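Counting with my numbering, you get residues 7 to 388 for the letters of the sequence shown.
These are computed hints drawn from the structure, not numbers from a lab. There could be a bad hint or two in this list.
[Said to hold, decoys possible] Within a straight-line C-alpha distance of at most 27 Å, the following computed BS3-like cross-link-like pairs (lysine-lysine) qualify:
(1) Lys-305 <-> Lys-258
(2) Lys-258 <-> Lys-245
(3) Lys-71 <-> Lys-232
(4) Lys-258 <-> Lys-232
(5) Lys-245 <-> Lys-355
(6) Lys-11 <-> Lys-245
(7) Lys-71 <-> Lys-82
(8) Lys-258 <-> Lys-289
(9) Lys-232 <-> Lys-289
(10) Lys-8 <-> Lys-305
(11) Lys-245 <-> Lys-305
(12) Lys-11 <-> Lys-355
(13) Lys-232 <-> Lys-8
(14) Lys-232 <-> Lys-176
(15) Lys-11 <-> Lys-289
(16) Lys-245 <-> Lys-18
(17) Lys-258 <-> Lys-176
(18) Lys-176 <-> Lys-245
[To be verified] Label pairs and their calculated CB-CB ranges:
(19) Ser-362 <-> Ala-180: 25 to 33 Å
(20) Met-166 <-> Thr-297: 40 to 48 Å
(21) Gly-24 <-> Gln-265: 37 to 45 Å
These numbers were taken from a predicted model, which means no experiment stands behind them. Think of the CB as a built atom: it goes at the ideal place given N, C-alpha and C, for glycine as much as any other residue.
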Amino acid sequence: MKEIKNIVDAYKSALAAGRRSLLATVVHVEGSSYRRPGARMLVEDNGQMTGAISGGCLEGDALRKALQAIAIGQNKLVTYNTMHEDDVEFGIQLGCNGIVHILFEPIDPRNENNPVTLLERSLLSPEQSVLVTLFSMNNIQAQPGTCYFSDSTISLSNIMHTELETVVRKDVAAAFQTGSSVLKNYTGFEVSAFVEVLQPPVSLAIIGAGNDVMPLVDMAEILGWKIAIADGRRTHANKQRFPEVHSTINGKPASIIQQLQPADWPIILLMTHNYNYDREMLKLLLPLGYTYIGTLGPKNRLERMIAELETEGFVISDEQRAILYGPTGLDIGAETPEEIAVSVIAEIKAVVAGRSGESLRDRVGSIHNREEVILQHTNNGG
């Protein structure tokens, strides 16, 4: 989501300055590639680029093709074959061993549902949304582009063909159910669709506003996460100390939790360094159904809290224990606040993604969630 926000911001700046722009989107990958379907880059007519469609090996040629497409004002699908390590076309050894299909879409600001505007909708949606990009690998003239957006409250479409839109709507509904992006081939219409499921940014609430929280906020902000800071001390949790966060909250545990419901803030970190305050917070948080509750400090600190709560008659279920992460973070030998922030952010990312946090060296199979980006092919007639 951070890359999408940067692209939207860059587009608005270009528009205000009177510059034309183009959105380049990776719509399909065969084999290996540094970036997967859904990677995007905004290109302005002055050569400014925001975002990335590769590890840097394609951007030079993509810039030239993007400027040509801006001048012509027409969508264009470009295919890069990086299967050969000694690639004469690019003059460098790519070594990606894949074929990358990139759709170039000049942006018409007069169209209120242009690709960037539809993309921005995903930023504004507090929940899962779906974006559809239509393209053709057979008919170079048929490149409809990013033309459909949907979330639970609204659907916006630029699809001109009624029957095609009907088919797309069905696949969008299916994507909402599975939560996975797919590639669809509509052979009867001579187009393919990248049906992309976009998740809202991770919402992280940090209870505690000491100086050790600052590196965590910085790293979460780099990832585009939504952040809330809560503390009983107004001198600590405020916008002067944390200007980049979504909200700051002050008060006693009960009043803070009323403003941090799990539907809006599923990830919680307890970092007050106040044992009694953290214990009271834990007692109130556990029954509410959060995804992740992390506690700072040694394991025996959390175990002591749990033992005291149970002595008071508080029953902690296996499901509640499963969401407790104490000490919070992955075992990377972290010592400094910055290192601890890396450890904590990495563990939260792994939990949200349903990953183990193991070394990629030891992972069997693809490092990407293939079911999230490709390869479901279906034939639909028109």
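We went through each hint and held it up to the structure:
no., hint, in the structure
1, Lys-305 <-> Lys-258, "25 Å, holds"
2, Lys-258 <-> Lys-245, "19 Å, holds"
3, Lys-71 <-> Lys-232, "35 Å, violated"
4, Lys-258 <-> Lys-232, "22 Å, holds"
5, Lys-245 <-> Lys-355, "25 Å, holds"
6, Lys-11 <-> Lys-245, "21 Å, holds"
7, Lys-71 <-> Lys-82, "9 Å, holds"
8, Lys-258 <-> Lys-289, "13 Å, holds"
9, Lys-232 <-> Lys-289, "24 Å, holds"
10, Lys-8 <-> Lys-305, "33 Å, violated"
11, Lys-245 <-> Lys-305, "32 Å, violated"
12, Lys-11 <-> Lys-355, "19 Å, holds"
13, Lys-232 <-> Lys-8, "10 Å, holds"
14, Lys-232 <-> Lys-176, "31 Å, violated"
15, Lys-11 <-> Lys-289, "36 Å, violated"
16, Lys-245 <-> Lys-18, "26 Å, holds"
17, Lys-258 <-> Lys-176, "48 Å, violated"
18, Lys-176 <-> Lys-245, "44 Å, violated"
19, Ser-362 <-> Ala-180: 25 to 33 Å, "28 Å, holds"
20, Met-166 <-> Thr-297: 40 to 48 Å, "41 Å, holds"
21, Gly-24 <-> Gln-265: 37 to 45 Å, "42 Å, holds"
The structure fails to meet hints 3, 10, 11, 14, 15, 17, 18 from the earlier list, while all remaining hints are met.
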